[in-house]
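> Sequence:
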Amino acid sequence: MRTPEAQVLLADGTTVPLASLYSQGPIALVFLRHFGCIFCRRFVSKLKRATCLRIVLVGMADPAETQRFAATFGVKNTFICDPSRELYRQFGLERGRLSQVVGPKVWKSAMGAARFGVGKVVGDPLQLSGAFIINTCGEVIWSKRAHAAGDDPTLPELCDALLSAEMCCGES
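Numbering-wise, the sequence shown is residues 822 to 993 according to the numbering used here.
No lab work stands behind these hints, which were simulated from the structure alone. Some hints could be false.
[As the list claims (entries may be wrong)] In the SDA-like style, the derived pairs of lysine to any residue whose C-alpha atoms are separated by at most 25 Å in a straight line are: (1) Lys-867 / Glu-978; (2) Lys-965 / Leu-842; (3) Lys-867 / Ala-827; (4) Lys-897 / Phe-912; (5) Lys-867 / Leu-984; (6) Lys-965 / Pro-977; (7) Lys-869 / Gln-845; (8) Lys-869 / Ala-827; (9) Lys-897 / Met-822; (10) Lys-897 / Thr-836; (11) Lys-965 / Gly-857; (12) Lys-869 / Ser-985.
[To be verified] Derived CB-CB ranges, DEER-like: (13) Gly-846 / Thr-975: 17 to 25 Å; (14) Arg-889 / Val-837: 20 to 28 Å; (15) Leu-984 / Leu-947: 29 to 37 Å.
Ideal Cβ positions, reconstructed from N, Cα and C, are used throughout, including at glycine.
Make a model of the complete structure from these sequences and hints.
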């Protein structure tokens, strides 16, 4: 899969080509659920330990709301703001059914994430998350699409995938 030729809005209000984010080296492009989601909050809270990763986060909020969220969690990563969820669609990320966001399987996982707190829903509460490793040529070389809320990749999973990414196009 190749990444779309998209222009993306960053949290600082600038619009850049998506390609500019991976042209200098592979990235992990991580699509978050809404900013009030305990799983989203748990994931970004752990990012401070992920110094080996170039993680670019995608959220459904506007730049001002995204900046507040990043400041609250002390997140220094680049954020893409996608309130229309167009980039989510371009990467094939689905909206979940109610059972995928509040069902019994989700509750088990939620018990461990509850300490990160619930916040205001900003975006579509049914939107599922996903993560993609993109090389310097815009090829998605690894992906994980959530099947339920809380089905996020671990940081070691992302780190392993990103560190094994081929920087040269077309080589495998």
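> Now look at each hint and say whether the structure bears it out.
Here's how the hints hold up against the structure:
no., hint, in the structure
1, Lys-867 / Glu-978, "holds (13 Å)"
2, Lys-965 / Leu-842, "holds (19 Å)"
3, Lys-867 / Ala-827, "violated (28 Å)"
4, Lys-897 / Phe-912, "holds (24 Å)"
5, Lys-867 / Leu-984, "holds (18 Å)"
6, Lys-965 / Pro-977, "holds (13 Å)"
7, Lys-869 / Gln-845, "holds (22 Å)"
8, Lys-869 / Ala-827, "violated (28 Å)"
9, Lys-897 / Met-822, "violated (28 Å)"
10, Lys-897 / Thr-836, "holds (18 Å)"
11, Lys-965 / Gly-857, "holds (21 Å)"
12, Lys-869 / Ser-985, "holds (21 Å)"
13, Gly-846 / Thr-975: 17 to 25 Å, "holds (21 Å)"
14, Arg-889 / Val-837: 20 to 28 Å, "holds (21 Å)"
15, Leu-984 / Leu-947: 29 to 37 Å, "holds (33 Å)"
Hint violations for this structure: numbers 3, 8, 9, all remaining hints satisfied.
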